[in-house]
Amino acid sequence: MAVVTVERKPLSFLERTYLPNIAAGLATTFKRMVQPVETLEYPEQRPAIPAGYRGVPTLVYDPNGREKCVSCQLCEFVCPPKAIRITPGEIAHDDANAHVEKRPEEFKIDMLRCIYCGLCQEVCPEEAIWLQNQYSMTGYTREEMVNDKKRLYELGGTLPDSHFKWDKKAAAEKAAHAGGHH
Amino acid sequence: MSDLLFHIFALLSVACALGVVFNKNAVASALCFLLSLVGVAGLFVLLDAFLLAVLLVLVYAGAVVALFLFIIMLLDMQGGDRKRFTKATILSSTVAAGLLVTGLVSFASHGLVETADPATVKVVGSSLRAYAEQLFTVYLLPVQIVGFLLLIAMLGVIVLSKKFEGLEDVK
Amino acid sequence: MFDFYFELPLLLRLLLQGTVVILVLFPLAAACSMAERKISAWIQGRPGPNRTKPPLAGFLAPLGLVASIPVLGTLLQKLGIFQLAADGGKFTFKEDPVPGHVNKFYFILAPIASMIPALSTVAFVPFGAYFNAAGELVPVALAHVDVGLLAVFALGSLGVYSLILAGWASNSKYPFLGGVRASAQLISYELSMTLSVLPVFLWVNAPGGQGTLSLFEVVQSQSQPGFWGGTWYVMTMPVSAFIFLIALFAETNRQPFDMPESEADLVGGFHTEYGAFKWSLFFVAEYAHMIVGSGIFCLLFLGGWNPLPWVSLADTIHALANILPCVSTPLFMGLIAIGIFLGKVGFFIFFFMWVRWTLPRFRYDQVMTLGWKKLLPLSIANLIVYALGIAWLQTR
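Chains as they are written, first to last, in the numbering used here: chain A, 5 to 186; chain B, 987 to 1157; chain C, -5 to 390.
It cannot be assumed that every hint is accurate.
Each computed PhoX-like pair below joins lysine-lysine, with the alpha-carbon atoms no more than 20 Å apart [said to hold, decoys possible]:
#: 1; chain 1: C; residue 1: Lys47; chain 2: C; residue 2: Lys84
#: 2; chain 1: A; residue 1: Lys154; chain 2: A; residue 2: Lys106
#: 3; chain 1: C; residue 1: Lys98; chain 2: B; residue 2: Lys1010
#: 4; chain 1: B; residue 1: Lys1148; chain 2: C; residue 2: Lys98
#: 5; chain 1: A; residue 1: Lys106; chain 2: A; residue 2: Lys13
#: 6; chain 1: C; residue 1: Lys32; chain 2: A; residue 2: Lys35
Footprint (simulated), chain C over chain B, 3 or more residues, beta carbon under 8 Å [as the list claims (entries may be wrong)]:
#: 7; segment: 1032 to 1042
#: 8; segment: 1055 to 1061
The hints are simulated quantities; they were obtained by calculation from the structure and are not laboratory data.
Glycine included, every Cβ here is placed at the ideal spot set by N, Cα and C.
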């Protein structure tokens, strides 16, 4: 790599007195003083969250109100800080979503451990866990900082996608049974 | 009122002067010196010599004692054990104290200290103008000599404290 | 109307005046801390403290009532006035720790010693003037003495002891370095400061007159009729004003000269070991020094209580008296003069803060070089040039 020696110019007399630069600095700060403030009045004004923001991980329903999570536990395995604990459960036979077979019995994310890496969202085959806009998690106790299933769905809400993979699969199976080709 | 203030200031300056001598801690000594100077400045104020009082505070209390403290702190002098008196010191200090007392007594008893009527004495320290006139007429030579001495002292300090490039190699 | 006041014994009157001045200066110095926070915030594009609002219940209810006045209350809240009150309360009531390794007596003495010069210098600063019945201008000052400026310098120079003592008594290395820096810096800049004001007094003390160092006389000589009588000394002696201003920055330990504090390299400098009330005393003292220093600058170079160059206080009073007759009473005249003077001082306080939040700190060796190798020769040269010039002008 070529070495370039930069000639350091000797300072002129005015520069050595610091004064022109001090005046320029004062002018800059004065201009800054009359401009509007850059900050937000936080609790009243909230920052605009950009798309793709990785906030607090949440669980979502599909538009029919079905829990999208099927408790495959991939997120639990991939989670680097081991913040996720899932208790898998079976869906009762008389349930409308019985064909999905599994759902989480309990789903806990310890927000004191979570590092907001987004691996759970990336690994989820069901698009059931999402890191959303929520960026402020506070609590007085350690227990409060563990989000359970109820809270996760409260935070997550409904994901407006309409491919209804499980319903289509159930319908296809039903059609196959009816047709009896196999 | 004025008498009371005189006693207060006189007591302050004498007590603090004793404090300077007897304090083991060098910083405490310097601060006692400061208070003593303030006491003397108060006495000057009582004599209507505002200028002298202010100059005393400005030069001695403001700068000289601060330099003392600076040096004490820089060299970290904490007093330490007192040196024992040697016979020579005892002898010489006794002689000096004796001479001082004899001199004072002879001055006082022979009436050499004139106590003129306060009204006729010119107060040269009171107004700036009178003070400056004295300084630039009657006492011009002493002022110049003292200034010259100080200049020599300053040059001496610079020569002593300056590190000469050539001497570095000798070490 | 105020005759009863002048019938009080002199000692009681002086005591009252002194108390009033201190009662004004102390909160003013404290308010400077809020001004500092607000100005720094504005320069940095933030709103600064604007939230604190006292509750309407409990012992703070009177303050809460003020805060709930529709427009004024909101304005005060936005300006952080209640935050200031809360800060004051906090500094007064929070635990005041004394570290185990300090020299207790001097550690406690230092903040008290810082208040003495800070509050006593103001006694020699005339902060206004009024015309008495005989039509003479009378200064409003606690002590109108002939040696005015020297007295301020003398008392102000005692301010260094609180820093030295604090640094030494703290018995740890950063405060100690801060104390050593303070002593060297303050002595260095005192010289240039004193030399820079000499041309002003050379000009004021024309030959044949009674020599004076009174600040009131300086203002008087800037409020004479005619072109040269009405100019402010900042115009005729800009170099003096410049040196004085720089030395003032250094003497009050403000940026870019806050070597004793320099929180980047010395943690907090001389006040590292201090907290709570003792710490706040140091800061009130620093701001009080700033206020008094700005006042001296205004008196020496900016015409004191004269509103504009070539427009003296007397002209203003006469012009105003045509519109409002009540202006010509001594009380109103005094208030107008004090108001003009405080306005100028306020601008300088702002300037101090503006500079603080603009410039980085000098290195210590740069401070010393600037003081001894640049400012001192400059001020001596300035003195010689003006001495020759004034001698030529006044003996012509």
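*Which numbered hints turn out to be false for this structure?*
Going through the list in order, the structure violates hints 4 and 5 and respects the others.
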